[in-house]
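Let chain U serve as the given structure and place chain V on it in line with the hints.
There are 2 protein chains.
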Amino acid sequence: MTNPSSPPPSEEQTRPEETTETAYVVDDDYVRRISELLEAGRTGEVERIIALLHSADLADLLERLHPEDRATVVGIIRPLLRLDGEVLTYLNEDVRAEIFKQLTPQEIAAALAGLDSDDALTLIEDLEEDEREEILAALPVRRRLLVEEGLTFPEYSAGRLMQREYIAVPMFWTVGKTIDYLRAADDLPDDFFLIFTVDPRHRPVGSVPLSRILRSRRSVKIADLVQDEIRPIHATTDQEEVAYMFRQYGLVSAPVVDDAGRLIGVITIDDVVDVIDEEAEDDLFKLGGISEDDLYRAVLDTSRSRLPWLAINMVTAIVAASVVALFESTIASVVALAVLMPIVAGMGGNAGTQALTVAVRAIAMRELSSSNAWRVLSKELLVGIVNGSLLAAAAALIAGLWFGDPTIGLVIGAAMIINIGLASFFGALVPLGLRKIGVDPAVASAVFLTTLTDTIGFFALLGLATWILL
Amino acid sequence: MTNPSSPPPSEEQTRPEETTETAYVVDDDYVRRISELLEAGRTGEVERIIALLHSADLADLLERLHPEDRATVVGIIRPLLRLDGEVLTYLNEDVRAEIFKQLTPQEIAAALAGLDSDDALTLIEDLEEDEREEILAALPVRRRLLVEEGLTFPEYSAGRLMQREYIAVPMFWTVGKTIDYLRAADDLPDDFFLIFTVDPRHRPVGSVPLSRILRSRRSVKIADLVQDEIRPIHATTDQEEVAYMFRQYGLVSAPVVDDAGRLIGVITIDDVVDVIDEEAEDDLFKLGGISEDDLYRAVLDTSRSRLPWLAINMVTAIVAASVVALFESTIASVVALAVLMPIVAGMGGNAGTQALTVAVRAIAMRELSSSNAWRVLSKELLVGIVNGSLLAAAAALIAGLWFGDPTIGLVIGAAMIINIGLASFFGALVPLGLRKIGVDPAVASAVFLTTLTDTIGFFALLGLATWILL
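Residue numbers (my numbering), protein chains in the order written: chain U, 778 to 1247; chain V, 778 to 1247.
Next comes chain U alone, as it looks inside the complex (with noise of 0.2 Å):
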């Protein structure tokens, strides 16, 4: 069903280079050049320049840029702002944060002027109170309004991500009405996939992708287009559900509704889609004990950020440390049982590592829950069983021969079955704990899971060791 009317193949030299060089506009050099440039002082070049850029490239310039050229750039761009808000949606909100500090509020208003309203809304929510307060003073009332409006909705709900803007008919009208309709309108948002037709009481029955629409000839009733049962968001929905319900029936809009059932807004896939790319960064993230992108935060910001975690893992290692010390004078008679430890307890982590990155995953994709929660942990179970024995058996040949004892070799290789097969274990069982008793799985598991391998691991070897070389 390819294009009907595909013309014949034509001798032509190749441009691959040109597709994927539009890419990525602003790579290393360009960032380079620029920042020459403002070294130089030449601004008039520099304007000229970044004049051809997309909102989106100049945002990843400013982005890119050493804080004081970032400066400058921004009061390059400043008349510009006014006019299309628009880079400032695409910027890391760290460095909006300080672009702000640059600009009066009712500039920043300005530039919010002219979004759509869910962007105008991104943009101000995370401002301190004050703050706000000046810049939606200073928008157009009809705007504020609907931004203030949006305000009223949790943080992450589907309200805060929903469009105000959208079309709705209703269901007996023709694709000819809809079609003058549209056309007299003016307060159409610029660019939709899909009109919803909604009952006397404005609640959405149905949507009608706009190709069906084109397709069908004036007469036809949009009743009879109306696309299979659709899917009403409640305002109040977090912004994960949503991302799931996109996903799972593959949408590309959906319309929201507040609590009396009445449409008051729509979703579009491209704000999903940023909000995919949230919810996986964020697991990455916990994972990795990140609160949040910290890449433009300034060092004692970072610091800040990062230390809580470190405190609480250093709580941890002590208490794991803690059951080595109960072992000291083993390891004064067998010193050789402190150069093992670092490799049963770390052999146990990554092991528990790979399990717990299964299962956070797959409990944030919703594949795993109680229902097949045991058939998964008895699986785990086995797998580290398998693979620790495997390792164990390696383990012990070494320091089997590392340190000239046969029995050294048994008791690392014991210990090692031991910590992997639990490690594996509960690497799937700890998020799936969290979850019963309401914890983020990404955010404390890693954790818990270090402590208990690191413990089981040190026990396992220095409790065998005690027993059977003593």
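These are computed hints drawn from the structure, not numbers from a lab.
Bear in mind that the values here come from a model prediction, so they are computed numbers and not experimental data.
Worth double-checking, as some hints may not be accurate.
Note that the list lumps identical chains together, so a pair holds whenever it fits in one copy or between two copies.
Quick list of in silico lysine to aspartate or glutamate cross-link-like pairs, EDC-like style, CA-CA up to 20 Å [claimed, not checked]:
1. Lys-1213 / Asp-805
2. Lys-998 / Asp-968
3. Lys-954 / Asp-1217
4. Lys-998 / Asp-957
5. Lys-954 / Glu-845
6. Lys-998 / Asp-1182
7. Lys-878 / Asp-907
8. Lys-954 / Glu-816
9. Lys-878 / Glu-863
10. Lys-998 / Glu-884
Showing chain V alone in chain U's frame:
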């Protein structure tokens, strides 16, 4: 700019439950109910219940069920599959592979026949050569040619992602002529967001959102509605680039071109959502030491896929342990060091992982590269020194009291500043270095880093101890 015909608010009972409820159709209870019915052999009821499911939910159910039950359900939906293979597109590939074993090539071909070319392609690209041939042979000729052509593009390329069905019209057409063409044509994609304009050589020169066509009079020239410059994607472009471009420029749909720059297909944002998901999952898994999602794998397959990483880790663990071996005599005389070793090494690992996580994500998001590398590296070093000093102070105090010896406190404190300071620095340097030599930063960073932090930690602690305490 909300919808003009908004009706007055009406008092009505709220219905959030209803809307949230729609979010998970296949929850634990649902799965349990089905399994129970299956055990009771009441397949007729099961058939009636699952007949109501959306394909995506049916796929979830199949994934969640115990393999035996799954086989039974596949048996039940067999006839349904011939008519609509959509459910197959939603399945995890391991589960799909298992289900394919149960179906005949003819049945699979029948299921594929109704799908879009890109979906059909995804379903068979991972199959064994011969298995794939059998299915292709059973496909309708025209469909088979499209799929076979798709297979000629490299894996994970735009050519594999794209849909062959698209709409292209010449620049000089009017809105009226275009609408007439769309109404008359019978071999168009079901739903589409925009149409492309092409030059006489069939190269894409612009795109027009359907909403603009709908809102324009028949006499308007398509050329006047064309959207700002389009970004053709070459068929061999990697899907990661494709996802980047969609994200960067907020595209909903982009033209795919061949070497001669001719339009050969279109990629829509819903395909890209899956790619974004995959890429994010990929980084998460690699950092966790997982080659791919193995939730649905059998024990031995899972063990096999996880073992290599663990083996590498054991080698590196032994390298780090051998550092400890250098100081056996020191440990023999100050056993407390064996207790403190894991604390120093572990904290370095955690601090390093924080820096590593931010760096890997930033590299993937194209926010970190040589142009800002040094700024980030020097910042990480400072962050490490700041947090290292704070934690070192605490550790020194605790260790000093614990072992009643201030010099031991001094030693661990100094060791922690050194290790945490360097750990943060290397946490950012390792992924940057791997990328420079063309290795995926996500996949190998963790091994290198932990080896480094362990080695440095042991060396610092035991070295200082030997120097100061003995």
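### Query
Which hint numbers doesn't this structure obey?
3, 5, 6, 8 and 10
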